[in-house]
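What follows is each chain in one-letter form.
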Amino acid sequence: MSVFPFLVAGWILLVGLYGMVTSRNLIQAIGCLAVAQCSTYVLLLAVGYRRGGTAPVYSDIPTHSKVVDPVVQALALTDVVVGATVTALLLGLVLQLNKRHGTIDPDALTGLRG
Amino acid sequence: MSLSDLLPLAVAVPLIGAALLAVTGHWIRRRGCDILAAVFTTAEVLVLLLLWLRTAHGTPSGSPASWLGGWRLHDGEGVGIVLVGDPLGVGFALLAALLVLAVVAYAWRYFDEPPARMPGTFPALVLLFEAGMCGFALTGDLFNAFVFFELMGVAAYALTGYRVEDPRPVQGALTFGIVNSLAAYCSLLGIGMLYARTGELGMAQIGHRLVEHRTDLLTVTAFVLVLTGLLVKAAAVPFHFWLPDAHAVAPTPVCMLLSGVMVELGVYGAARVYWTVFSGPGGMPPGAVRGVLVCLGAVTALVGSVMCWQQRHLKRLLAFSTIGHVGLFLIAVALLNADGTAGFALYAAGHAEAKAALFALTGVLLDQYGSVDEHGLFGKARALLGRTGVLYLVGGLALAGMPPFAAGLGKAVAEHAAGAWLPLLPVFFVTVSALTGGAVLRAFLRVFLGAGTHPREASAPETSGEGEEPEVRSPERRIPLPMLVVPAVLLASSLVLGLAPGIGRVFGRAGDLFVSRSDYTAAIGLTPPTQVHHATVLPGWTVEGVALGVLAVLLACALAAAAVWGRRLRGAVAAAGRAAMELASGRLARPLRVAHSGRLGDDVAWLAVGVAALLAAFSLLR
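Line by line, the protein sequences give chains D and L. In terms of my numbering, the first sequence opens at residue 1 and continues consecutively. In terms of my numbering, the second sequence opens at residue 1 and continues consecutively.
Be a bit skeptical, because a hint or two may be false.
[Stated by the list, open to error] Mimicking SDA-like on lysine to any residue, the simulated pairs with C-alpha atoms at most 20 Å apart in a straight line are:
1) L:K380 with L:L495
2) D:K66 with L:A196
3) D:K66 with D:K99
4) D:K66 with D:V80
5) D:K99 with L:V79
6) D:K66 with L:V79
7) D:K99 with L:R163
8) D:K66 with D:A88
9) L:K380 with L:Y369
10) D:K66 with D:A55
11) D:K99 with D:V80
12) D:K99 with L:P167
13) L:K380 with L:L497
14) D:K99 with D:A88
15) D:K66 with L:V164
16) D:K99 with L:E165
17) D:K66 with D:A46
18) D:K99 with L:D166
19) D:K66 with D:T87
20) L:K380 with L:V427
21) L:K380 with L:A451
22) L:K380 with L:A196
23) D:K99 with D:V81
24) L:K380 with L:V292
Please keep in mind that the hints were generated in silico from the structure rather than gathered at the bench. For clarity, every value in this text was computed on a predicted model and none was experimentally measured.
Build the full structure now, drawing on both the sequences and the hints.
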């Protein structure tokens, strides 16, 4: 298996991290968190890929045909669900934060320090 | 019903309870919700107590395991998910269940105004949180552990930001959520790498397959990434920045759970992953793991206890004390032997009782005075001295490791194990106990006695405890009985656990089983059952342990007294002492406090730095 997908996954993670560190907008920061999470999809699907394999659905293909690994696809699907829950919750919190503080700039939130 | 059938029940009971509360919360009144929550938490405690009683003293056939849906291993391969009930895992699940029961009792009538249409939200979220914690403690599957980890995380974020009408909880919950989710995705990357290497997701199965490979960069990266998620949950330095922000603002009952058991579960998870997955050939060399994690624990202990001493926001003070204690837990676990692991378990149990009691009593102050600021409350709580004050004092002493409380026993045992490996390590145990206990005692003297002079305002960046919204909005009322009974019961149970006979044998056995891979692999049927040799009996109360415990308590009292009355002393020695204190808080603590900027970007940057440092350290030492 090529090492290329792993490098791509690492790159996406770093891009997401960079965005979260430098962001001046919390909605953008949560977008960057979602970008970082995409690295897990890339990695998982790359791990299960088999050259020449087809989708692991045996209803219309012979049972001995070559398929990609269904386990990682199940993992990626679970990951999507988890990620959607977390992102929705975090975005809800940002909305509430905007109502109470009137800002979504992380630099302007200095209530908790020291 | 066999023993192993209780394992899925331990996860299902709180989940069913949460679903029931979420569905019926519309119709049944508040009292109905409270009763429903109490019934389900009690049932969960009974299930886990039964499991604990049957496993703690040993079962002839080894630890019970339950394959969900009957998807067992065939010839050592399989895609099923297994729950394993080894004594330490069951013990942690039981600790979580007991603490949740205490929290449900404490929160009875806690929030005066539950959301108008959904009185069941709070208990439902607490039960969901409990399901996540129990599942995480019992699962034998790495990906399943990730899912439970996220379940417990999401419930915890929502609970932290439960009072959405107040500004600060929302901010704390957001930082908590973003940092922890990012760390969880790092863990998932690591799990993906391990699956790529071994084709397995079960912890014991991965460990079994790693034998066929050598330890290369992929193994190290996977180990560090999986560890990142767990260490962030455990709030090890420099992954800890979210914790004080979240704990300072979460509702008090939630603080009890976060500090009492969730953070400790992070350390437990790290130990579980090391022993079950990486302890064999093809895993991580024990020397490297021991060296790196002991250093990490020592730094965490120092940063946590120094920052704890600097706080005036009482909840934040307790939160930093948790970080200090996590450092000690990490040191104990990183010794990589049965003694250290068993000592960690005992210390975590004792710490949970003391810390939950202290948070509960801080909740009483917040309820009565609408503030958790040590300076603002100066001398105000004299009226509460009789009950709340005495309990607070006892909690502070227990936190400082006073014999015969369980926290003191756990500290003595872990300290003994650490000292046997490196005689320097007990110094950290005494320092953390003295500084964190001293900070609590200082707060006691100022708040409940009004001792000394009114503290000066500092110029350093800090979070005061003023302006916290009271969680109960009728200031004139009496203190509800559960809010005093729960901390009293917690402290009493700490006393009982510290004095229980045979406790050393039970925890020693749990430690033995935890560090032996053969028990775990036999439980899931990967290898034939073998008899684990039970050699470890924890030393219990020894002269050395009692002496160091008393020393820590005396140091804590001296520190608190010096902080409160120090400015009144005359003479050259006192002046020199004051100058040294000024220097220490100026030169040493100020940069640390500046680093805790509370900015999301800084927290994420520190996380990246931590991951890079761990990667570098483990790659060099591999």
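Broken hints, by number: Checked against the structure, the hints that fail are numbers 1, 3, 4, 5, 8, 11, 13, 15, 19, 20, 22, 23, 24, while the rest are satisfied.
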